[in-house]
Amino acid sequence: DSGVTQTPKHLITATGQRVTLRCSPRSGDLSVYWYQQSLDQGLQFLIQYYNGEERAKGNILERFSAQQFPDLHSELNLSSLELGDSALYFCASSVVAGGRGTGELFFGEGSRLTVL
Amino acid sequence: GQNIDQPTEMTATEGAIVQINCTYQTSGFNGLFWYQQHAGEAPTFLSYNVLDGLEEKGRFSSFLSRSKGYSYLLLKELQMKDSASYLCAVRTQNSGYSTLTFGKGTMLLVSP
Chain A
37 DSGVTQTPKH
47 LITATGQRVT
57 LRCSPRSGDL
67 SVYWYQQSLD
77 QGLQFLIQYY
87 NGEERAKGNI
97 LERFSAQQFP
107 DLHSELNLSS
117 LELGDSALYF
127 CASSVVAGGR
137 GTGELFFGEG
147 SRLTVL
Chain B
25 GQNIDQPTEM
35 TATEGAIVQI
45 NCTYQTSGFN
55 GLFWYQQHAG
65 EAPTFLSYNV
75 LDGLEEKGRF
85 SSFLSRSKGY
95 SYLLLKELQM
105 KDSASYLCAV
115 RTQNSGYSTL
125 TFGKGTMLLV
135 SP
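Sequence order for the protein chains is A and B. Throughout, the numbering used here is defined as the position within the first sequence, counted from one, plus 36. Throughout, the numbering used here is defined as the position within the second sequence, counted from one, plus 24.
Just so you know, these hints were derived from the structure itself, not from any lab. The C-beta atom is built at its ideal place from N, Cα and C for all residues, glycine as well. Treat the hints with care, since some could be wrong.
What the hints assert, rightly or not - To give a feel for the contact side, a few chain B residues facing chain A, derived at Cβ under 8 Å:
#, residue
1, F57
2, S122
3, L124
4, T125
5, F126
6, K128
Said to hold, decoys possible - In the DSSO-like style, the derived pairs of lysine-lysine whose C-alpha atoms are separated by at most 27 Å in a straight line are:
#, chain 1, residue 1, chain 2, residue 2
7, A, K93, B, K128
8, B, K105, A, K45
9, B, K128, B, K100
All chains, please: the whole structure from these sequences, using the hints.
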């Protein structure tokens, strides 16, 4: 158990719909990262937050948005869903946003999204 | 941009040694990680290198050459449970904040 909690574990929805994925980081971790993993693309970095502020953006579509709340939990919102959005969405947390220490990421179990 | 290459698949026999290579091209390099991921599960941290050389951790070792943009993960005394995907990830630092970019992973199949 990494200490990172993601809900829901599984989600099935239809094209055009909107879903929200939720992540609670490890206690004490200020940084939250979202990754998308599909079969042919590997782990794709979407977005990173540190203590409530957006810090880095990767290949995140305009239909997707995220935020980190004062209690440090984060939500990833996916809208106007398409078939290609079907993937495993991982949240990860780390204690530091900078380069101090190892800075390893601890991953949640992921939210598997299926768009039909 | 960043480019991380690793073989797609490898096979090995139980008890053997396998080396999984990773090459990368990036700016702002600030460390290289190896993660293990079993199918449908979360990636878990294996090793970290920021300086050149070999880091040994039980049956797993990882090597880094920053000048060559090259790393490898060495797995000894392979066990069936080592069948998994191994992800090479490069950390880069910009404006004081780090991001971690993953390669597509190497699927290792260990056979009896």
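Hint-by-hint comparison with the structure:
1. F57: Holds - the Cβ of B:F57 comes within 8 Å of chain A, reaching about 7 Å at its closest.
2. S122: 5 Å, holds
3. L124: 6 Å, holds
4. T125: Where the cut-off is 8 Å and the nearest Cβ of chain A is about 6 Å from B:T125, the hint holds.
5. F126: 4 Å, holds
6. K128: Nearest chain A Cβ about 4 Å off; hint holds.
7. A:K93 - B:K128: Satisfied, since the Cα-Cα distance of roughly 19 Å is no more than 27 Å.
8. B:K105 - A:K45: At roughly 24 Å apart (the allowed maximum being 27 Å), A:K45 and B:K105 satisfy the hint.
9. B:K128 - B:K100: OK: B:K128 and B:K100 at ~22 Å, within 27 Å.
The structure fails none of the hints (numbered hints given earlier).
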